Amino acid sequence: MIWVSLILNEKPIPFTRELLGFFCSVFEEQYGQEIKNLYNHFQGDISIFRKNKKSKENIDLIVEEVFHLSLTYPHKIGPSKGKKISSNTKKVFELAKSMANKTKGKIFLSDLFIEAIKSLEYENNEIANAIFYLVQKDFLLQI
0 MIWVSLILNE KPIPFTRELL GFFCSVFEEQ YGQEIKNLYN HFQGDISIFR
50 KNKKSKENID LIVEEVFHLS LTYPHKIGPS KGKKISSNTK KVFELAKSMA
100 NKTKGKIFLS DLFIEAIKSL EYENNEIANA IFYLVQKDFL LQI
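Residue 65 in numbering that gives the first Met the number 0 sits at position 66 of the sequence shown, and the numbers go up by one each step.
Take the hints with a grain of salt, since some may be wrong.
Straight-line C-alpha distance at most 35 Å; calculated DSBU-like pairs for lysine-lysine [said to hold, decoys possible]:
no., residue 1, residue 2
1, Lys101, Lys80
2, Lys96, Lys83
3, Lys136, Lys96
4, Lys35, Lys117
The hints are simulated quantities; they were obtained by calculation from the structure and are not laboratory data.
All figures in this text were calculated on a predicted structure; none of them were measured in a lab.
Input sequences plus hints: build the corresponding full structure.
Here it is, written out as structure tokens:
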């Protein structure tokens, strides 16, 4: 029913294509009727996708749930006092704090990931899981 275009500077990986397909499915499921009536009833007003309705998710929430775009925004160090984490995750968190001290408190998770690959002897998936955990548990807060 809908077409999605994504402009990249390189060929997308299969996972990206799967995410786009999943997004289209979720979007069409939530807003199928609105899509059909977009130009005749709603006169092209796309604000209908941003309105919260009891039975429908706001389009911004759908995009976040599918693509996790908030992970691309800058983050800052959150409170850690009293929170327990594994030793591997703690090392990633210490690295994040060190990086934040050098960048006026602002870090990008992609930079943290790259720095952790260089300086810690962990597998990529271990680093990614540690960073995701730190975000989920508010050790790293979106700015």
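Verification of the supplied hints:
{"no.": "1", "hint": "Lys101 <-> Lys80", "result": "22 Å, holds"}
{"no.": "2", "hint": "Lys96 <-> Lys83", "result": "16 Å, holds"}
{"no.": "3", "hint": "Lys136 <-> Lys96", "result": "16 Å, holds"}
{"no.": "4", "hint": "Lys35 <-> Lys117", "result": "50 Å, violated"}
Checked against the numbered hints given earlier, the structure breaks only hint 4 and satisfies all the rest.
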